[in-house]
Amino acid sequence: MNWFQSFLVSSIGQKIIMSLTGIFLMLFLVVHLVGNLQLLHDDGGQAFNLYTYFMTHNPLIKTVSYLLYITVLIHAIQGILITRKNQASAGGMNRYVKKSTYTTTLANRYMAFWGILIFIFLVIHLKDFWYVMKFTSDLEMVTYPGETHEVKNLYQRVAVEFKELWVVILYVVCMVALAFHLAHGFWSAFQTIGASHPKYLRLLKTTGKIFAFLIPLGFALIPVLFYLFK
Amino acid sequence: MKINLKVWRQKNENTAGKMVDYSVNEVSPDMSILEMVDVLNDDLIRKGDDPIAFDHDCREGICGMCSMVVDGRPHGPQHGATTCQLYMRNYKDGDTIYLEPFRAHAFPVVKDLVVNRGAFDRIIAAGGFISVSTGQAQDANNLTVEKAVAERAMDVAACIGCGACVAACPNGSAMLFVSAKVSHLNQLPQGKPEASRRAINMVKQMDAEGFGRCSNVGACEAECPKEISITNIARLNREYLKAVFTSTEE
Amino acid sequence: MKLDSKIPEGHMSQKWENYKEHARLVNPANKRKLDIIVIGTGLAGASAAATLAELGYKVKAFCFQDSPRRAHSIAAQGGINSAKNYKNDGDSVYRLFYDTVKGGDFRSREANVHRLAEVSLNIIDQCTAQGVPFAREYGGLLDNRSFGGAQVSRTFYARGQTGQQLLLGAYQALERQIGLGNVKMYNRHEMLDIVTIDGKARGIIAKDLISGKLERHFGHAVLLCSGGYGNVFFLSTNAMGSNVTAAWRAYKRGAYFGNPCYTQIHPTCIPVSGEYQSKLTLMSESLRNDGRVWVPKKKEDCGKHPNEIKEEDRDYYLERKYPSFGNLCPRDIASRAAKEVCDEGRGVSASGRAVYLDFADAINRLGLDVVKARYGELFPMYQNITGHDPLKQPMMIYPAVHYTMGGLWVDYELMTSVPGLYALGEANFSDHGANRLGASALMQGLADGYFVIPYTIGNYLAGEIFTKAIPTDHPAFEEAEKQVRDRLNKLMNAKGDTPVDEYHKRLGKIMWEKCGMARHAEGLKEARKEIQELRTEYWKNVRVPGDINEFNPELDKAMRVADFMELGELMVMDALNRNESCGGHFRVEYQDNGEAKRNDEEYSYVAAWEFKGDNTEPELHKETLNFEEVQLAVRSYK
Chain Y
1 MNWFQSFLVS SIGQKIIMSL TGIFLMLFLV VHLVGNLQLL HDDGGQAFNL
51 YTYFMTHNPL IKTVSYLLYI TVLIHAIQGI LITRKNQASA GGMNRYVKKS
101 TYTTTLANRY MAFWGILIFI FLVIHLKDFW YVMKFTSDLE MVTYPGETHE
151 VKNLYQRVAV EFKELWVVIL YVVCMVALAF HLAHGFWSAF QTIGASHPKY
201 LRLLKTTGKI FAFLIPLGFA LIPVLFYLFK
Chain E
231 MKINLKVWRQ KNENTAGKMV DYSVNEVSPD MSILEMVDVL NDDLIRKGDD
281 PIAFDHDCRE GICGMCSMVV DGRPHGPQHG ATTCQLYMRN YKDGDTIYLE
331 PFRAHAFPVV KDLVVNRGAF DRIIAAGGFI SVSTGQAQDA NNLTVEKAVA
381 ERAMDVAACI GCGACVAACP NGSAMLFVSA KVSHLNQLPQ GKPEASRRAI
431 NMVKQMDAEG FGRCSNVGAC EAECPKEISI TNIARLNREY LKAVFTSTEE
Chain D
481 MKLDSKIPEG HMSQKWENYK EHARLVNPAN KRKLDIIVIG TGLAGASAAA
531 TLAELGYKVK AFCFQDSPRR AHSIAAQGGI NSAKNYKNDG DSVYRLFYDT
581 VKGGDFRSRE ANVHRLAEVS LNIIDQCTAQ GVPFAREYGG LLDNRSFGGA
631 QVSRTFYARG QTGQQLLLGA YQALERQIGL GNVKMYNRHE MLDIVTIDGK
681 ARGIIAKDLI SGKLERHFGH AVLLCSGGYG NVFFLSTNAM GSNVTAAWRA
731 YKRGAYFGNP CYTQIHPTCI PVSGEYQSKL TLMSESLRND GRVWVPKKKE
781 DCGKHPNEIK EEDRDYYLER KYPSFGNLCP RDIASRAAKE VCDEGRGVSA
831 SGRAVYLDFA DAINRLGLDV VKARYGELFP MYQNITGHDP LKQPMMIYPA
881 VHYTMGGLWV DYELMTSVPG LYALGEANFS DHGANRLGAS ALMQGLADGY
931 FVIPYTIGNY LAGEIFTKAI PTDHPAFEEA EKQVRDRLNK LMNAKGDTPV
981 DEYHKRLGKI MWEKCGMARH AEGLKEARKE IQELRTEYWK NVRVPGDINE
1031 FNPELDKAMR VADFMELGEL MVMDALNRNE SCGGHFRVEY QDNGEAKRND
1081 EEYSYVAAWE FKGDNTEPEL HKETLNFEEV QLAVRSYK
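Chains as they are written, first to last, in this note's numbering: chain Y, 1 to 230; chain E, 231 to 480; chain D, 481 to 1118.
A portion of the hints provided could be inaccurate.
Stated by the list, open to error - Here are a few chain E residues that face chain D, going by a calculated C-beta distance under 10 Å:
| # | residue |
| --- | --- |
| 1 | V257 |
| 2 | N271 |
| 3 | G278 |
| 4 | D285 |
| 5 | Y317 |
| 6 | N346 |
| 7 | A370 |
Said to hold, decoys possible - Using 25 Å as the maximum straight-line C-alpha spacing, the simulated PhoX-like pairs for lysine-lysine come out as follows:
| # | chain 1 | residue 1 | chain 2 | residue 2 |
| --- | --- | --- | --- | --- |
| 8 | D | K1020 | D | K1092 |
| 9 | E | K232 | Y | K98 |
| 10 | E | K472 | Y | K199 |
To be verified - A few chain E positions that, by computed beta-carbon distances, are all more than 10 Å from chain Y:
| # | residue |
| --- | --- |
| 11 | M249 |
| 12 | D272 |
| 13 | M318 |
| 14 | N320 |
| 15 | D325 |
| 16 | I360 |
| 17 | S363 |
| 18 | G365 |
| 19 | T374 |
| 20 | K377 |
| 21 | P400 |
| 22 | S403 |
| 23 | G440 |
Simulated from the structure, these hints should not be mistaken for lab results.
Source: prediction; values computed, not measured.
All residues carry an ideal CB built from backbone N, CA and C; glycine is no exception.
Given these sequences and hints, build the entire structure.
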């Protein structure tokens, strides 16, 4: 193995991959939320549909989106590998007869569990919107004034989906999972790449908590608002 | 007072173990928990039973030999203290206490509550030192060390190598231990010349021993009898990254 | 055999230089062929093993703990002396030398002490280079404090964990050599016998404590760095595993035991709270800077809560007896005074064996915050152990066994009377005379390991380069292993009904009461008889559970206690032989109104005892101490 391969399979290297992919995914969450908030414009979906058209046709963004798919897969697979390795290192699931949860939190104890929930959600979510958008012609086409091309009306699809109660519940539950995942993941990502210092530790942790609260809240609000008011 | 105990008994590394119930009468609040086990062992020996094996030596919190998990927590419920410093006045009559060995893949059980922590020595041997042979040193005051740096180095040098961090970590990771030694030596000017080599070699040995990957849970820091901070793990990550990407060490 | 201390020629300050310039050397190619066995990995053992391996010798190191880093040197708190004179306060090698000889009550060998003071300079350099985080000043230079009544500030320290940091430095140096393959480390191994062939030490029999198997190891030289024997008293500040076995086995193979009766009792320890007590915890001596020691004037008051006893009913006995030094008088004196008042029936606590150490005055004078800050870690530690808050009521303290100045007799080269067998650190008798000064134990351990043995061992091994490694099926190994096996079997087969600890406690009680802080001829004679009886009973009636061929801590303990039982008798004999009071040895018959009365005319010698057989009296050899540099004087602290 050369030095870089050794780095990639080392314990710290593996964690740094988790950290870097995690940070990238958190950035994506911010962008995605900003886009989704277009759904709340009271314009019959124009802003949102134009936004989705832009996201699916800009060459730079298309390139980044492939990077995103790979990142999600690496983050998930690496996460599973690390979790399995760690369970073995700790000496199995039932290492202590008397269990103490004193030093752990709901967030950090079940990181992998939250991750799996998020992954399942992702599959459903992609099937419902991304797949329909990219690989089918199920969506109606609309043209907006001032635009030269037709765009797919994803907004309509969203509006229909979010009238289903079970979908709304699924989304909200999964956003809770995301909140837990981020509550530990945010500061953990910075700690792993070494960007943690006693002076800024509290700031970092607090920022992480706020991030973990606001982002999933934003995502969860959309289906709830649609269900109740649209 | 009377204390009930549930103790992990295991004859040796290759046999299965199980929890066994005991009770100790007339426990004095002034006893340490290890002295209570002494009393129990005295009783077991007189009855012709096998006494409970447990590691202990200095009994004043500095040698790092004592190593049990008390009610699911390495070194018991007290902060910043080892098992030998846990006194029975923290318990009341009729309490039940669970005693189990430090558990981790890299710490095989020797007998009962005794485990083998040789992995820690091998990690130190891989790089936890400054390569200066006897007689090579210059006058101690030829080298100045910023007071704050010396203090920070001392904070981590206080590690007693007990392994509670590994026993507490849900991942069985030894990052707090390794980061303490790397932080101690890499921060000091004396340790700089081999800082990269140290970080790479110690991490390599840590991985080879089968310790887990740190997921920043913080259980290590909470259970460390010397209260070593998890920010040292961030420093180790930095030192390691720096070593991998900027030095010629492999 | 006549004792030859091999003190080099020349003026005191030139002896070590002379020695080094003329000692024989071993060339690097030959060093690779020479095996050295090191027993114990404390300051002396770890530093010696690392340094000898750096020089190119093949080293095997043994410790009974699970890692070399656990040796009890780790528990030393205060600091390490060095005559660096960084404070510009008039310190020098000579002054450190003088203070150590005087502090030892003029019962140490001058040449050894002078060498110790000389190499104290190198120790600080070496440890700093290793990364030991000594306390520093804002300018980045090393800080010092004064310690143990010295008039200069020469003590280097790393918070209250100096021993730990120095040991970790030596341990890391040792691990480096292990990693390089120059040292083979045997953890959880206990040395149970020395193998001698043609009068020279040639190896050891060790027990793998995990499997119980006996192993034979050959060495061209064997270094005993196995620490002191304070645990003969059962209760001491030593670690539970600290033992005399290595040194005692050496004694039984012909190494003389020097001054076994010299024991240091530390005045400020937490008192015994009950029968179950397993060890005693030291509270730093610095507490006496602000604490006032007292007991009630009247016996009737002893049961009262201390805060209810009126000022005029308290006896601040140290201030009364020693007006000029008061609460700061030396360790041996403070310890004996505590014993006296308790013997008078004025001791406090349930057992009546404790005195108060009161901070009320200091709190009034300095304020609560200052006192709290000054003793930041000590007060919570005391409260954790005893359940009482020293800020609200006086601490209770009592003396406890802390260090043993006696040990295997060694010459200037640290070689025992068996050629090729060396003793380093607390295991030898050499540098502290009858009393050790604070912050000198760490200095001696490291001096022996880093800077003395690497020079002196070459002088012997230069003559051994033609000796090939002796196969361990040699009859001497067979015989030694058989003896060890017989002892193990005998203990296992006693099949009595009493656990080892009970005998250890009984031995400790005899030693503490009759050969402890104050000794007298009658008591010592009784003690000897009682120890003999106890020993006989022990071998008949001890119960050791389990098997030989398994991990069996009770069996290991039983072997150690068996040796303590024999050592105890020798200590008593030595104490009985020494008809004087000096340092840690106080004979009540020899005193001037409570002060130790030395007898320089008759007892200015090292008592070196030679083993003559199990049922034969040991033979006393005397090494006369000649003082060339230091004038003998009476220690007075009135």
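Each hint, compared with the structure:
no. : hint              : in the structure
1   : V257              : holds, 9 Å
2   : N271              : holds, 8 Å
3   : G278              : holds, 7 Å
4   : D285              : holds, 6 Å
5   : Y317              : holds, 7 Å
6   : N346              : holds, 7 Å
7   : A370              : holds, 4 Å
8   : D:K1020 / D:K1092 : holds, 24 Å
9   : E:K232 / Y:K98    : holds, 20 Å
10  : E:K472 / Y:K199   : holds, 21 Å
11  : M249              : violated, 6 Å
12  : D272              : holds, 25 Å
13  : M318              : holds, 18 Å
14  : N320              : holds, 15 Å
15  : D325              : holds, 13 Å
16  : I360              : holds, 22 Å
17  : S363              : holds, 29 Å
18  : G365              : holds, 35 Å
19  : T374              : holds, 23 Å
20  : K377              : holds, 17 Å
21  : P400              : violated, 6 Å
22  : S403              : violated, 7 Å
23  : G440              : violated, 6 Å
Hints 11, 21, 22, 23 from the earlier list are contradicted by this structure; the remaining hints agree with it.
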